[in-house]
Amino acid sequence: MHVTFQLATEIEAALLVAAAAAGLADAADFKPDVRTAEARHGDFQANGVLGYAKARKLNPRAVAEQLVAALSPALRDASDVAIAGPGFINFTLKPAVLLAWLRQFGTAPALRAGAAAAHAGQTWVVDYSSPNTAKQMHVGHLRSAVIGEAICRLLEFTGAKVIRDNHLGDWGTQFGKLIYGYKRWADPAALAADAIEELERLYKLGNNATPDGSPELDEARAELVKLQQGDSENVALWQKFSDVSLAAFQKIYDRLGIRFDHNLGESFYNDKVERIYRELTETGLAQESEGALVVFHPEHPRFKTQPFIVRKADGASNYASTDLATAAYRAEHFKADGIVVVTDFRQADHFEQLYLTVRKWFAAKNYRLPELHHVTFGAVTGEDGKALKTRSGDVIRLKALLDEAEDRAYAIVLEKNPDLPEDERREIARIVGIGAVQYADLSQNRSSNYVFSWDKMLALDGNTAPYLLYAVARIHSIFRKAGVAPGDAAAEAGATSPETAAEISLARKLTKFPDAVRLAGESLRPHFLGLYLFELAGEYSSFNNADKVLVDEPAVRARRLLLCARTLLLLETGLGLLGLRTLTRM
RNA sequence: GUCCCCGUAGCUCAACUGGAUAGAGCACCUGCCUUCUAAGCAGGUGGUUGUGGGUUCGAUUCCCGCCGGGGACGCCA
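Heads up, the first sequence is in numbering that gives the first Met the number 0, so the first residue is 0 and it goes up one at a time.
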């Protein structure tokens with residue numbers, strides 16, 4: 000039997016054929032709207048009949064009956080078809096079809112090939128994490144990094160060439176103060192021990208020593224001017240700041256499984272802004288206002304009066320100028336088909352103005368316009384809704400958060416599995432602890448603020464990474480005991496179609512993986528995949544509890560081993576797409 | 001003042017972008033380990049989806065008005 004990766008798409012196509020065959024009035028306008036259904040209704044449901052019938056003042060159930068009568072024999076053989084409610088068409092796949100799908104998409108390459116159609120041949124630039132240099136990363140930097148990496152992996156899996164670009168905050172007035180502090184108070188021993196810690200201290204000293212209106216502030220500004228004019232000493236210092244910062248960031252990124260292709264920060268675009276001023280002016284988009292160069296958007300309720308300032312009155316560039324230059328660079332140099340920027344929601348206005356401007360600018364110059372996306376999330380705050388602080392008043396550092404996560408996970412491992420070797424306990428603690436932190440951000444879809452809580456971030460019960468990892472570990476355990484590798488062809492050879500309620504329920508869930516990946520990829524919301532994996536792990540756990548795998552009957556054993564192998568494949572693949580590592584034992 | 005986001009069970013969150021009886025976890029209660037890992041499974045208690053209208057076959061979802069929380073609004077990024 001032939002099955003496709005996206006069964007929903009296959010059913011949708013069959014319904015379109017049926018619409019034409021049934022002679023529906025303007026059948027070409029009929030949109031089947033097939034989606035995954037709640038299990039009690041079937042595997043997939045077509046909702047399109049309702050809207051179609053309503054627009055033409057037809058009885059939706061009668062239209063549904065016409066369509067069902069005209070369905071291809073292949074689809075009628077493959078599924079139970081039922082008309083329900085006001086006019087839904089429900090499709091429940093037969094066990095033999097479930098088995099066929101599981102056999103056809105039984106390997107990682109097969110899954111990847113099936114999913115790759117969505118963004119095949121496209122190049123996407125993803126801009127995420129983007130911390131400021133010379134400062135430690137804190138918990139506020141976590142979400143962009145975790146969500147951004149998951150989006151990268153989803154885009155790659157769905158066929159795109161992904162360019163990971165860390166748009167560092169590595170330019171601006173703060174460097175004058177940092178250089179001022181560095182030249183006076185730098186402690187070589189502290190720099191050697193923990194460079195970024197020392198840079199933070201020097202920045203604070205520099206900042207405190209240069210209050211508004213002071214001659215010290217003029218000196219700090221002079222340092223900045225020297226840097227901008229290419230003074231060799233200051234440029235060398237700036238380079239050193241960048242180097243030690245990136246090295247420190249990479250230690251965090253390594254723990255999160257992140258590696259950037261480029262670190263093109265604001266400094267990279269600093270000399271690419273003249274063109275922006277010129278082209279925005281010559282296309283009539285920008286105008287002088289109070290000495291600055293600004294863009295208004297007359298069609299917009301607020302941006303018709305709220306300016307997008309692309310050049311300051313003193314002639315200097317700002318965030319807007321470099322972001323415009325960045326968009327052009329990504330479109331032209333990387334030939335991006337899509338650009339994704341991941342930041343917290345407070346920058347929503349800025350990006351709305353930016354993208355409005357880019358669209359008009361590119362249209363006026365006849366440049367090829369990539370898809371432009373701003374992926375937002377809520378800010379991380381303390382219990383009081385204000386910026387997050389520890390008891391001592393400092394922000395919580397990302398390193399401390401990850402350390403704490405591993406420590407808590409280690410304590411649980413010691414309690415649950417004291418007999419494992421120490422090395423393995425540590426490895427489990429790393430994967431479970433970091434995974435819990437990642438999943439805390441990937442399991443929810445909220446643009447409201449995120450109130451930080453250690454217990455929430457490091458929760459190990461319920462809808463968390465450990466629950467998913469535990470299901471993975473249990474499946475590995477079964478294969479260890481069976482003495483075969485997951486996916487072993489001989490072990491699965493005699494598999495029959497799923498039969499028991501738990502087998503069928505699990506098999507049905509497995510076939511929904513493509514829909515979860517599609518949904519998460521198209522909407523750039525990884526939590527849809529997280530939700531699916533959680534539900535899949537739940538189905539597996541129920542199955543694991545209800546049906547013993549390693550039984551004597553060869554056909555039953557084979558089909559259950561197949562179900563285990565596919566569950567493992569999809570859980571490991573899916574968790575990998577979210578950026579989590581998995582275990583074989585825990 | 002203008003505009004944006006958010007408000008769902010005691011708590012933390014879902015709800016496939018308008019679909020069917022709004023679902024999970026935590027907490028609380030009842031069962032299940034001589035049986036592939038109990039970091040688990042089965043079940044129970046818990047809802048006027050902030051609020052009042054509107055749109056329609058159908059609204060947590062869209063529109064309007066309130067209430068509450070957060071945010072952005074001319075030279076920071």
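None of these hints come from the bench; they were simulated from the model.
There may be inaccurate statements among the hints.
[Claimed, not checked] Straight line, CA to CA, 20 angstroms or less: simulated EDC-like cross-link-like pairs of lysine to aspartate or glutamate:
hint: 1; residue 1: K303; residue 2: E370
hint: 2; residue 1: K53; residue 2: E37
hint: 3; residue 1: K134; residue 2: D32
hint: 4; residue 1: K160; residue 2: E370
hint: 5; residue 1: K311; residue 2: D343
hint: 6; residue 1: K364; residue 2: D418
hint: 7; residue 1: K93; residue 2: E37
hint: 8; residue 1: K480; residue 2: D406
hint: 9; residue 1: K239; residue 2: E199
hint: 10; residue 1: K334; residue 2: D348
[What the hints assert, rightly or not] For each label pair, taking beta carbons as the anchor points, the in silico distance ranges come out as:
hint: 11; residue 1: D418; residue 2: D454; range: 47 to 57 angstroms
hint: 12; residue 1: R55; residue 2: D487; range: 15 to 25 angstroms
hint: 13; residue 1: T3; residue 2: T499; range: 43 to 53 angstroms
All values reported here derive from a predicted model rather than from experimental measurement.
Idealized CB from N, CA, C, for every residue including glycine.
Going through the hints against the structure:
Proposed proximity of K303 and E370 is contradicted: the alpha carbons are some 24 angstroms apart, above 20 angstroms. Distance restraint check for K53 and E37: the Cα-Cα separation of roughly 24 angstroms exceeds the 20 angstroms cut-off, and the hinted pair is therefore not satisfied. Restraint check for K134 and D32: the C-alpha separation of about 49 angstroms exceeds 20 angstroms, so the hint is violated. Between K160 and E370 the CA atoms are separated by roughly 15 angstroms; this keeps the pair inside 20 angstroms, and the hint holds.
Pair hint K311 plus D343 does not hold up; C-alpha atoms about 25 angstroms apart against a cutoff of 20 angstroms. A C-alpha spacing of about 68 angstroms is found between K364 and D418, which places the hinted pair above 20 angstroms, so the restraint is violated. Of the pairs offered as hints, the one joining K93 and E37 holds, with about 16 angstroms between alpha carbons and a cut-off of 20 angstroms not exceeded. Proposed proximity of K480 and D406 is contradicted: the alpha carbons are some 31 angstroms apart, above 20 angstroms.
At most 20 angstroms may separate the alpha-carbon atoms for a hinted pair to count; K239 and E199 meet this at roughly 14 angstroms. Note on K334 and D348: the hinted pairing is violated, with a Cα-Cα distance of about 26 angstroms set against a maximum of 20 angstroms. Our hint of 47 to 57 angstroms for D418 and D454 is violated, since their Cβ atoms are close to 28 angstroms apart. Between R55 and D487 the beta carbon distance is about 54 angstroms. The supplied range of 15 to 25 angstroms is therefore violated.
Between T3 and T499 the C-beta distance comes to about 27 angstroms, which lies outside the given range of 43 to 53 angstroms.
Comparing the model with each numbered hint stated earlier shows that hints 1, 2, 3, 5, 6, 8, 10, 11, 12 and 13 do not hold.
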